[in-house]
Amino acid sequence: MYDVIIIGAGPAGLSAAIACREWDVHVLVIDEFVKPGGRLLGQLHEEPTGEWWNGIEETKRLMNKAESLDTDIRCGVSVHHVEKANDGFVVHTNKGNFEAGNVLIATGAAETAAPVPGWTLPGVMSIGAAQVMTNVHRVRVGEKGVVIGVNVLSAAIARELQLAGVNLHSMMLPAMNPVTKEHAHPKKVMDGLSRIAHLAPSAFLRFGSRFTKSDFVRKVATQFYPKSGVKMWGMPIHLRKAVTQINGKDRVESVTVFDVTADGKLIKGTERRIEVDFVCIAGGLYPLAELASVVGLPFQYLEELGGHVPVHNEKMETPIDGVYVAGNITGIESAKVARAQGTVAGLSIAKKHVAGKADLDYRLLQATEQVKTIRNEATIQFHPHISEGREKMEQAYRRIVNA
Amino acid sequence: MRNNRRIVDHPVLGKLSDRKEITFTFDGQTYTGYEGDTIASALLANGVRTLRVHEESGKPRGIYCNIGHCFECRVNVNDEPGVRACLTEVKDNMVVKSGRVLPSPLVSTVNDTLPRTYAEFIEQQEDKKGEV
Amino acid sequence: MDHITICRCEEVTLEDIKNTAKKHQCTAREIKLRTRAGMGYCGGRTCRPAVDAVMEQVTGEKPGHDIPLKVQPPVRPVSLSTLRGKQDEK
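Protein chains in written order, with the working numbering: chain A, 1 to 403; chain B, 1 to 132; chain C, 1 to 90.
Incorrect hints may appear among the rest.
Unchecked claim - Which stretches of chain A does chain C cover? Using the computed rule of at least three CB atoms under 8 Å from a CB of chain C, they are: (1) 70-81; (2) 117-124; (3) 152-165; (4) 281-290; (5) 295-301.
Claimed, not checked - Quick list of simulated restraints, FRET-style, between CB atoms: (6) B:16 to A:167: 39 to 47 Å; (7) B:29 to A:228: 41 to 49 Å; (8) B:27 to A:228: 26 to 34 Å.
Note that these hints are calculated values from the structure, not bench results.
Just so we're clear, the structure is a prediction, and the values are computed from it rather than from any experiment.
By construction, the Cβ of each residue, glycine as well, lies at the ideal position given by its N, Cα and C atoms.
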C-alpha cells in the first residue's frame with residue numbers, strides 16, 4: 001500500500017511527487033499518456049523577456065528531480081475508478097488495482113469543442129492535438145490548414161505550428177450556433193483578447209506589448225475590424241470571417257468561409273472556399289474531473305475557473321479526507337501555476353505523514369503564497385477574473401466543510 | 001517521402017535525434033515508423049488519416065484530441081479492440097486494424113423475409129409446409 | 001446549421017436534440033437519456049460542455065453546481081476481464 005497515488009504526471013503531479021519524496025512519502029505516480037509531462041510537454045512559447053518556455057526542457061527538469069528522489073512513475077496506465085475503502089483508497093486501472101492512504105487527482109483539463117459542420121472528418125483535430133503532434137511527436141499535421149477559434153491558447157499554438165514550418169492559412173471564428181456562441185461573436189472575442197492585451201506574451205502580438213492597455217484597445221478596435229484581419233508573423237487573424245462548413249468526402253478538402261458583421265452574423269454573398277487539408281478547432285479548456293466525481297467530491301460551477309470544479313481549498317485539500325487535487329482540474333491556469341499547486345499538494349500530503357515538523361508547516365505556507373505570486377506574475381491568463389474565482393472556491397470549501 | 005511529413009529540424013527544439021525504425025502493418029499494409037511514435041503519429045507521418053469508421057454510419061474518423069480523451073482513434077491492435085492509437089507506441093510487427101461498421105439489429109437487411117418474432121417464424125413455417 | 005453533429009460518438013445532431021426537447025418537453029437529463037448525447041464511447045468527455053450549452057438554450061436550465069449528468073465508473077472502457085480483476089498481460 002502506498003502513502004499516496006498521484007493520478008497524472010503533468011506539472012502538478014510531478015511537482016507534488018517531488019515534494020512528497022523530499023519528505024520520504026511512499027509515492028506512485030500514474031499517467032495515461034506514453035510519456036510523463038502531461039500537456040506541459042508540448043508547450044513552447046516566447047516569454048516577454050525573450051526566453052523560451054520549452055515544455056520538453058521543463059519536463060526534463062522535473063523528471064530529473066523526481067528520478068533523483070527514486071520516484072515510481074508509470075506511464076500507459078489508465079484509471080477507470082477510484083473508491084474509498086477501509087483505511088484508504090483503491091485506484092482501479094488497466095494494469096491492476098492499487099491501494100493508497102491518499103489520492104491526488106491531477107488529471108488536468110480537456111478541450112471544449114466548438115462544433116462546425118463537417119468537424120468529424122479526418123483531418124479535423126482539436127488545437128491541443130496539433131500541439132502534441134507538432135512538438136511532441138514532431139509530425140506535420142498537414143500541408144495547409146486553418147485554425148477555427150481565436151483565443152490565447154489557439155494563438156499560442158498557431159505560433160508553434162508556424163515555428164515548426166507548418167503552413168497555416170489563417171485563424172478565423174466558427175460560425176454562430178448554440179454551442180459556439182461567444183467564440184463566434186467578433187466583439188466578444190476581441191474584448192476577451194484586449195482584456196489580456198496588457199499581459200500579452202510576445203508569442204501573441206508583438207506590437208501589443210509596446211502599447212498601454214488603452215492604446216492597444218484602440219488599436220485593436222480599429223485594426224481587428226477590417227476584413228483583411230491582423231497579421232501575426234504573416235498569417236492573418238480574422239475576427240470578421242467565420243467558417244460555416246468543413247468540406248470533404250473522406251477527409252478535409254476545404255472550408256467554406258463567410259464575412260461576418262461585428263455581431264457575428266453571416267454577410268450574404270461573401271461565401272468563399274479555401275482549400276486546406278487540416279483544420280484545428282479551439283473552444284477553450286475545462287477541468288477534467290470525472291475521477292473527482294466518481295470518488296464523491298462535491299463541485300462548484302465557476303465560469304472563471306473553466307466550468308465545474310471539484311471543491312478544494314488553497315492547501316489543495318478537498319472535503320474528503322485523503323483526497324487532494326492540483327493543476328488544471330482546480331481551474332484553468334498556466335503550467336507554472338499547476339507546478340506550484342503540485343508543490344502545495346505534495347506538502348499537504350507530507351504533513352499528514354511527518355508529525356510535528358514546524359519546518360513543514362512553514363514550507364506549506366510558503367508554497368501557498370508562491371502560487372499566488374506566480375498567478376500575479378502570469379503572462380498568459382486564460383481568464384481575467386481568476387483570482388475572484390479562486391476566492392469563491394475558498395468560500396465554498398469553508399461552507400461545505402462547516403455544514 | 002517518409003521524411004516529408006516529419007519535422008526533422010526545428011529552430012528551438014532542435015534536430016530530431018536518430019531513432020530505431022519500426023515496421024508494423026495497418027489493415028494489411030506495411031508501414032514504417034520510429035521508436036517513440038504512437039500508432040497515430042506513425043500513420044499520420046505516412047499520410048494515413050482515417051483510423052476507423054463510425055460503427056453505425058460508416059463515416060470515416062481519425063484523431064481528434066490526440067491525448068486519449070475522445071477515443072476517435074480506437075483501433076484493433078494484435079487482436080485487442082478499442083485501443084487508442086494516440087496512446088499506444090508502435091512496436092515491431094504490430095498488427096493494427098481499423099474499426100469497421102458493426103451489424104445493427106435495427107437496420108433492415110436485404111433479406112426482409114427473416115422473421116422478427118416467434119409468431120412470424122411459426123407463420124412462415126406453416127406457409128412453407130403449405131408450399132411443399 | 002441544425003444538421004451539425006453535437007455528440008460525435010452517438011452522432012446526435014443539434015436537430016435531434018431540439019426535436020426531442022420539443023416533442024417531450026422534458027429536462028436536460030431526459031433529453032440526454034433519449035438521444036444518447038453524452039452517453040457514447042468517450043463518456044461525454046468531448047461533447048458534455050457542448051450538450052450543456054445546447055440544453056441551456058433549449059430548456060433555459062442554467063448549469064447548477066453539480067455535474068449535469070452523473071459520472072458513473074468505469075470512466076474508461078474496460079474489458080469484462082479487467083472488471084473481474086484480471087490484469088492486462090502487457
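Hints versus structure:
1. 70-81: holds (count 4)
2. 117-124: Answer holds; 3 residues pass the 8 Å Cβ test.
3. 152-165: violated (count 0)
4. 281-290: Since 5 is at least three, the answer is holds.
5. 295-301: holds (count 4)
6. B:16 to A:167: 39 to 47 Å: violated (19 Å)
7. B:29 to A:228: 41 to 49 Å: Given range 41 to 49 Å: holds, Cβ gap about 45 Å.
8. B:27 to A:228: 26 to 34 Å: violated (45 Å)
Checked against the numbered hints above, the structure violates hints 3, 6 and 8; every other hint is satisfied.
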